[in-house]
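Could you build all of it, start to finish, from the sequences and the hints given here?
Listed below, chain by chain, are the residues.
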Amino acid sequence: MWVYEKKLQYPAKVCKPDVKMAKYLIAQYGGPDGELAAALRYQTQRFVMPTGKAKAVLTDIATEELAHLEIIATLVFKLLKGVPVEILKREGLGEYYTEHDRGLFYADTTGMLWTAAYIQAKGDAIADLHEDMAAEEKARATYEHLINLTDDPCVKDTLRFLREREIVHFQRFGETLVHIQEYLESKRYF
Amino acid sequence: MDGNQISMLKKIMEIEFTCIDLNLYLDTHPEDQKALQDYNYYSNQLSMLKQQYEQLYGPLMVFGHSQSQYPWKWVDAPWPWEIEY
Amino acid sequence: MYDYNPYVQDYAFPPLKLAQAYVPLQKYVSLYPPEEAIKKGTVFPELDMPYVGEKMR
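Chains as they are written, first to last, in this note's numbering: chain A, 1 to 190; chain B, 191 to 275; chain C, 276 to 332.
The hints are simulated quantities; they were obtained by calculation from the structure and are not laboratory data. Be aware that a few hints might be false.
Unchecked claim - Straight-line Cα separation of at most 20 angstroms, DMTMM-like style, residue types lysine to aspartate or glutamate; simulated pairs:
| # | chain 1 | residue 1 | chain 2 | residue 2 |
| --- | --- | --- | --- | --- |
| 1 | B | K224 | C | E329 |
| 2 | C | K315 | A | D152 |
| 3 | A | K89 | A | D101 |
| 4 | A | K16 | A | E137 |
| 5 | B | K201 | C | E310 |
| 6 | C | K314 | A | D152 |
| 7 | C | K314 | A | D151 |
| 8 | A | K81 | B | E244 |
| 9 | C | K314 | A | D101 |
| 10 | B | K201 | B | E244 |
| 11 | A | K13 | C | E321 |
| 12 | B | K200 | C | E321 |
| 13 | A | K81 | A | D151 |
| 14 | C | K315 | A | E131 |
| 15 | B | K200 | B | D266 |
| 16 | A | K13 | B | E272 |
| 17 | C | K292 | A | E182 |
| 18 | A | K6 | B | E244 |
| 19 | C | K315 | A | E137 |
| 20 | A | K156 | C | E310 |
| 21 | B | K263 | C | E321 |
| 22 | A | K53 | A | E144 |
| 23 | A | K13 | B | D192 |
| 24 | A | K156 | B | D266 |
| 25 | A | K16 | B | E272 |
| 26 | A | K6 | A | E95 |
Claimed, not checked - So the derived list for chain B, only partly shown, Cβ under 10 angstroms to chain A, looks like this:
| # | residue |
| --- | --- |
| 27 | K200 |
| 28 | E206 |
| 29 | D211 |
| 30 | Y215 |
| 31 | L216 |
| 32 | D217 |
| 33 | A225 |
| 34 | L226 |
| 35 | Y231 |
| 36 | Q245 |
| 37 | L246 |
| 38 | Y260 |
| 39 | W262 |
| 40 | P270 |
Being a predicted model, the structure only gives us computed values, none of them experimental. All C-beta atoms in this analysis are idealised placements derived from N, C-alpha and C, irrespective of residue type, glycine included.
The following block contains the structure:
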């Protein structure tokens, strides 16, 4: 089961409200390579992983991704806080406001809703770990794009933290892949 | 929300973050004794910090993982996304 | 030839096979102190690979 902790993983700050950046950041909330997709992808892949190490890595990284989901939500929440409707409209969030006001919803930056089609679970450890490594790289690239899109040093600071986590996760999935390859190889001979 | 609460929260975040990163390392290196020793060291530090925090500001976790003073403090503000760090 | 890398475990890969991907196994070397680790986004100096920014490319 999961238990909530009433704290963020990282002290996410914004220096000033910024509607455009909120619109871009939503990509990491409900977009194809966002944190929801990451958490749900790893969470559902773990059930048929063949070893304890692989189950642990997927469980723990899925859990950390949920913490990242909350960090992204916090940034968006703060970027939109107190912004008048006219400005939301002018900055391209009129459609979003219509449906969600300043609330959080699982959509990408173009308004496309989150879908399970963003993720894969092939039931094959090798295939799934390759997917996971690719997912971490895509998320890293997205964070770099987002860093380039803002000049708010507070937002950049949090995005740099999240980007670095993708690198660490890639390393752990990579180690898990090599371990699974060895495990499957050993099973062929014994 | 007072400055002490924020600085205690940030300290907890720091130690917990070190635990998280060591945890992921241990998942792929379960036999690394030095890493495990460091993990246990920081985990112990984290429990102490959380206990101190919860006595002052209410539970960080529910579902029986920590106790609350009267009245049930879990419902109190601020929630994590409302805090100015 | 094998170049010594202090951050990669001496444990060798099994003979590398075609059509398989490999990431070297990290070795436990040193840690950033907790207050620095959270700022970097990792406790491991060898995994600390900051973004250089668009202008550098």
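Hints, one by one, checked against the model:
Proposed proximity of K224(B) and E329(C) is contradicted: the alpha carbons are some 38 angstroms apart, above 20 angstroms. Between the alpha carbons of K315(C) and D152(A) the distance comes to roughly 18 angstroms, so the proposed pair stays at or under 20 angstroms and holds. Only pairs whose Cα atoms come within 20 angstroms are accepted, and K89(A) paired with D101(A) is accepted, the gap being roughly 11 angstroms. This hinted pair does not check out: K16(A) and E137(A) have alpha carbons roughly 29 angstroms apart, beyond 20 angstroms.
For the given pair, K201(B) sits about 8 angstroms from E310(C) by alpha-carbon distance, which is consistent with the 20 angstroms threshold. Only pairs whose Cα atoms come within 20 angstroms are accepted, and K314(C) paired with D152(A) is accepted, the gap being roughly 17 angstroms. For the proposed pair K314(C) and D151(A), the alpha carbon gap of about 19 angstroms is at most 20 angstroms, so the pair holds. The hinted pair formed by K81(A) and E244(B) fails the criterion: a straight-line CA distance of about 28 angstroms is larger than 20 angstroms.
With a C-alpha separation of about 33 angstroms, the suggested pair K314(C) and D101(A) falls outside the 20 angstroms cut-off, and the hint is violated. For the given pair, K201(B) sits about 13 angstroms from E244(B) by alpha-carbon distance, which is consistent with the 20 angstroms threshold. The straight-line distance between the Cα atoms of K13(A) and E321(C) is roughly 27 angstroms, outside the 20 angstroms bound, and the hint therefore fails. Under the criterion of a C-alpha separation no larger than 20 angstroms, the hint pairing K200(B) with E321(C) is inconsistent with the structure, at around 24 angstroms.
Proposed proximity of K81(A) and D151(A) is supported: the alpha carbons are some 18 angstroms apart, at most 20 angstroms. For the given pair, K315(C) sits about 26 angstroms from E131(A) by alpha-carbon distance, which is inconsistent with the 20 angstroms threshold. With a C-alpha separation of about 19 angstroms, the suggested pairing of K200(B) with D266(B) holds against the 20 angstroms cut-off. For the suggested pair K13(A) and E272(B), the alpha carbons sit about 10 angstroms apart, so the restraint of at most 20 angstroms is met.
Restraint check for K292(C) and E182(A): satisfied, since their Cα atoms lie roughly 11 angstroms apart, inside the 20 angstroms limit. Restraint check for K6(A) and E244(B): satisfied, since their Cα atoms lie roughly 11 angstroms apart, inside the 20 angstroms limit. Between K315(C) and E137(A) the alpha-carbon distance is near 18 angstroms, which keeps this suggested pair within the 20 angstroms criterion. Restraint check: the Cα-Cα separation between K156(A) and E310(C) comes to about 18 angstroms, which is no more than 20 angstroms; the hinted pair holds.
This hinted pair does not check out: K263(B) and E321(C) have alpha carbons roughly 42 angstroms apart, beyond 20 angstroms. A distance of roughly 30 angstroms separates the Cα atoms of K53(A) and E144(A); the hinted pair therefore is violated under the 20 angstroms criterion. Of the supplied pair hints, the one linking K13(A) and D192(B) holds, its CA atoms being roughly 17 angstroms apart against a limit of 20 angstroms. Among the hinted pairs, K156(A) with D266(B) is inconsistent with the structure: their alpha-carbon atoms are about 30 angstroms apart, more than 20 angstroms.
With a C-alpha separation of about 14 angstroms, the suggested pair K16(A) and E272(B) falls inside the 20 angstroms cut-off, and the hint holds. With a C-alpha separation of about 32 angstroms, the suggested pairing of K6(A) with E95(A) is violated against the 20 angstroms cut-off. Because the smallest distance between the Cβ of K200(B) and any Cβ of chain A comes to about 6 angstroms, under 10 angstroms, the interface hint for this residue holds. Below 10 angstroms, beta-carbon pairs count as interface contacts, and E206(B) has one with chain A at about 8 angstroms; its hint therefore holds.
Proximity of D211(B) to chain A holds as hinted, the smallest CB-CB distance being about 7 angstroms (cut-off 10 angstroms). A distance limit of 10 angstroms between C-beta atoms decides the matter here; for Y215(B) the minimum to chain A is near 8 angstroms, and the interface restraint holds. Here the hint on L216(B) is kept, as its CB sits about 8 angstroms from the closest CB of chain A, short of 10 angstroms. Annotation: D217(B) was flagged as interfacial toward chain A, and the flag holds, the nearest CB pair being 4 angstroms apart, inside 10 angstroms.
Hint status for A225(B): violated, given a least beta-carbon distance of 13 angstroms to chain A, over 10 angstroms. About 14 angstroms separates the beta-carbon of L226(B) from the nearest beta-carbon of chain A, more than 10 angstroms, and the hint is not met. For Y231(B), the interface hint is violated, the least distance from its beta-carbon to any beta-carbon of chain A being 19 angstroms, above 10 angstroms. Given the 10 angstroms rule on beta carbons, the hint for Q245(B) is violated: about 15 angstroms separates it from the nearest Cβ of chain A.
The interface hint given for L246(B) is broken, as the beta carbon of that residue sits about 14 angstroms from the closest beta carbon of chain A, more than 10 angstroms. About 18 angstroms separates the beta-carbon of Y260(B) from the nearest beta-carbon of chain A, more than 10 angstroms, and the hint is not met. The closest approach between the C-beta of W262(B) and any C-beta of chain A is roughly 13 angstroms, which is over the 10 angstroms cut-off, so the hint fails. For P270(B), the interface hint holds, the least distance from its beta-carbon to any beta-carbon of chain A being 5 angstroms, beneath 10 angstroms.
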